[in-house]
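Chains as they are written, first to last, in the working numbering: chain V, 7 to 253; chain R, 35 to 353.
To be clear, the hints were calculated from the coordinates, so they are not data collected in a lab. Keep in mind that a hint or two might mislead.
Said to hold, decoys possible - Under the rule of at most 25 Å between Cα atoms (straight-line distance), these lysine-lysine pairs were calculated in the DSS-like manner: (1) V:151 x R:219; (2) V:228 x R:235; (3) V:232 x R:235; (4) V:251 x R:197; (5) R:312 x V:22.
Since this is a predicted model, take the numbers as computed values, not measurements.
Now for the letters of each chain:
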Amino acid sequence: MKILVCISRTPDTTAKIAFTDNNTKFATEGVQWIINPYDEWYALVRAIELKEKDASIGIHLVTIGGAETEPIIRKALALGGDEAFRVNAIEEDPYFIASQIAFVAKEGGYDLILTGKETIDHNGSSIGAMVAELLDMPFISLATKLDIEPTQALVTREIEGGEEEAEISFPLVISCQKGMAEARIPNMRGIMAARTKPLAVKDPQSAEKLTTTKAFVLPPAKSGVKLVPAETPEILIQLLREEAKVI
Amino acid sequence: MSLIIFTEHSEDKIKKSSLEAISYGVALAGKLNIEAIALVVGPTAAPLSELGEYGVKKVVHANDSAIITSDTKSLATIISQAADTHQADVIIFSNTLTAKGVAPRLSVRMKAGLVTGAVALPDLTNEFTVRKTVFSGKAFADVTILSPKKIISLNLNAFEIIKSTGTAEVIPFTTATISSSIKIKKVNRMAGEISLAEADKVVSAGRGLKGPENWGMVEELATLLGAATACSRPVADSNWRPHHEHVGQTGLAIAPDLYIAIGISGAIQHLAGVNRSKTIVVINKDPEAPFFKAADYGIIGDAFEVVPKMIEAIKQLKK
Ligand SMILES: Cc1cc2nc3c(=O)[nH]c(=O)nc-3n(C[C@H](O)[C@H](O)[C@H](O)COP(=O)(O)OP(=O)(O)OC[C@H]3O[C@@H](n4cnc5c(N)ncnc54)[C@H](O)[C@@H]3O)c2cc1C
Numbered sequence: 007m008k009i010l011v012c013i014s015r016t017p018d019t020t021a022k023i024a025f026t027d028n029n030t031k032f033a034t035e036g037v038q039w040i041i042n043p044y045d046e047w048y049a050l051v052r053a054i055e056l057k058e059k060d061a062s063i064g065i066h067l068v069t070i071g072g073a074e075t076e077p078i079i080r081k082a083l084a085l086g087g088d089e090a091f092r093v094n095a096i097e098e099d100p101y102f103i104a105s106q107i108a109f110v111a112k113e114g115g116y117d118l119i120l121t122g123k124e125t126i127d128h129n130g131s132s133i134g135a136m137v138a139e140l141l142d143m144p145f146i147s148l149a150t151k152l153d154i155e156p157t158q159a160l161v162t163r164e165i166e167g168g169e170e171e172a173e174i175s176f177p178l179v180i181s182c183q184k185g186m187a188e189a190r191i192p193n194m195r196g197i198m199a200a201r202t203k204p205l206a207v208k209d210p211q212s213a214e215k216l217t218t219t220k221a222f223v224l225p226p227a228k229s230g231v232k233l234v235p236a237e238t239p240e241i242l243i244q245l246l247r248e249e250a251k252v253i
Numbered sequence: 035m036s037l038i039i040f041t042e043h044s045e046d047k048i049k050k051s052s053l054e055a056i057s058y059g060v061a062l063a064g065k066l067n068i069e070a071i072a073l074v075v076g077p078t079a080a081p082l083s084e085l086g087e088y089g090v091k092k093v094v095h096a097n098d099s100a101i102i103t104s105d106t107k108s109l110a111t112i113i114s115q116a117a118d119t120h121q122a123d124v125i126i127f128s129n130t131l132t133a134k135g136v137a138p139r140l141s142v143r144m145k146a147g148l149v150t151g152a153v154a155l156p157d158l159t160n161e162f163t164v165r166k167t168v169f170s171g172k173a174f175a176d177v178t179i180l181s182p183k184k185i186i187s188l189n190l191n192a193f194e195i196i197k198s199t200g201t202a203e204v205i206p207f208t209t210a211t212i213s214s215s216i217k218i219k220k221v222n223r224m225a226g227e228i229s230l231a232e233a234d235k236v237v238s239a240g241r242g243l244k245g246p247e248n249w250g251m252v253e254e255l256a257t258l259l260g261a262a263t264a265c266s267r268p269v270a271d272s273n274w275r276p277h278h279e280h281v282g283q284t285g286l287a288i289a290p291d292l293y294i295a296i297g298i299s300g301a302i303q304h305l306a307g308v309n310r311s312k313t314i315v316v317i318n319k320d321p322e323a324p325f326f327k328a329a330d331y332g333i334i335g336d337a338f339e340v341v342p343k344m345i346e347a348i349k350q351l352k353k
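Please build the complete structure, drawing on both the sequences and the hints.
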């Protein structure tokens, strides 16, 4: 059983969001980088939990990015990945990224490919389904539970207004979200072991770009809060009705 | 040439988010001077010809009950076949859970550039550039679709429903049998609740409420307003409330017309999921709570005193 976990590097959740170069680039100064929380807490940690029950499982990681992504790959290895690939390309188009992952996945012949539900910077929610289509595999989005049997996965996923339980034969792609696993922190032994785990750098395959980001815009600042005294909440209700016209 | 709007239904009604997508698609088709077609998949008793009121002249209905609509592969096959039949180069989705599974798949299949989380019509004077949310709602990006075929997945509550009069022609659409490798074992639906993602109004509460036993007033306020209920992450993590109510950066991102936050501090990760709400009301006993900086209206006070008075005031109004 081989699992491929897709890992993305994102700014920390408290990072200040600002842009430079005429609003075309994210301002990275002073920004701390983390493994995208959905990739780490849910996809990777669930893979590690499965491996703890069955030591024969191999967990490989893949990231598309420059050398600056290596610290987060090492952290993912410290948590429990066995080996990692970095495709050396700096690109944001989801189709291009999914094409690179699909190529790595084809070479490795994985039974299960896991992604997070979305990245907290691009919010595209696209990579998993694209990889599945490129590899002609089934795709289960927004899974909240995952167990495996010898030939199939048992998955619970969120659907509109509820949840659905399904069985799907390997190979398949799953995007993971809350419920899958509990976040962990790497221990000292993991950190030491990660230093010598294989991290192979690959050149990107040629792939088309279907989109490009032109510019970023910050939302307009709120004009300021209107405070209503605690003794007279009825005035708030009146404002919501007559001024904001929302009730 | 045409544009197809993937139109979802549940409980024999067309979803509100799909009506938003239809309004958006009709407006875009007008700009592009092409026909807008609604595509409905799976059996439904919803009156499809009435979709004409939202501006589409044709509704294509893939009516086969054997279609497993939760299999993204089957859906992508049906949509791409419909696109071929009607020469559609533009596909519009509402950015629902279903769309998240199928739109990227279709993007690969049609070689069509995809923008998810769109908040406005494309700017056609600047190639084909669509504004979408990024950084979990803390910013927007203008993304240009480079390919001739294009897919846009519109955020919920981002585009106003435009309704007038008219009826649409309903055209049945048969597809070759599609087999699915997904075996569905069980579906659990929470009936009757207002869907948080689609809600116009949301009443949300945080750790300031002290414990799950105090949610009665939150629910009462929500019921009176016809609002859905939500909560902060620690509240869901402590199992005071179900996980699907968790909003924020690592939960659901919502954009209702009204968001009332009770006893929530307004941490940056919480704001990320709610700051696209049109009107934000904050009730917090701490005047320094960061949420007040993101709010339109606020009351500095004890929720246990303020909320019952709000409930009273609304009941008075309704009399
Ligand atoms: C990576 C990461 C991701 C995260 N993602 C999310 C997310 O998606 N969503 C999310 O919500 N959080 C998220 N968090 C957690 C976030 O940082 C905050 O810890 C959380 O939002 C705080 O929840 P709270 O406001 O309910 O609780 P608290 O911060 O404890 O605030 C309680 C508030 O209630 C007020 N209060 C207390 N008593 C009363 C009273 N009687 N009347 C009125 N007000 C009262 C207090 O003044 C205080 O402001 C994330 C954190 C991290 C690190």
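Query - Pair hint residue 151 (chain V) and residue 219 (chain R), alpha-carbon separation not exceeding 25 Å - result: holds, 14 Å
Query raised in the report: Between residue 251 (chain V) and residue 197 (chain R), is the straight-line Cα distance small enough, at 25 Å or below?
Result: holds, 20 Å
Query - Given hint residue 235 (chain R) paired with residue 228 (chain V) - CA-CA distance at most 25 Å - result: Roughly 19 Å between the alpha carbons, so the hint for residue 228 (chain V) and residue 235 (chain R) holds.
Query raised in the report: When you check the alpha-carbon spacing of residue 232 (chain V) and residue 235 (chain R), does it fall within 25 Å?
Result: holds, 19 Å
Query raised in the report: Are residue 312 (chain R) and residue 22 (chain V) close enough, with their CA atoms no more than 25 Å apart?
Result: holds, 22 Å
Of the numbered hints given earlier, the model fails none.
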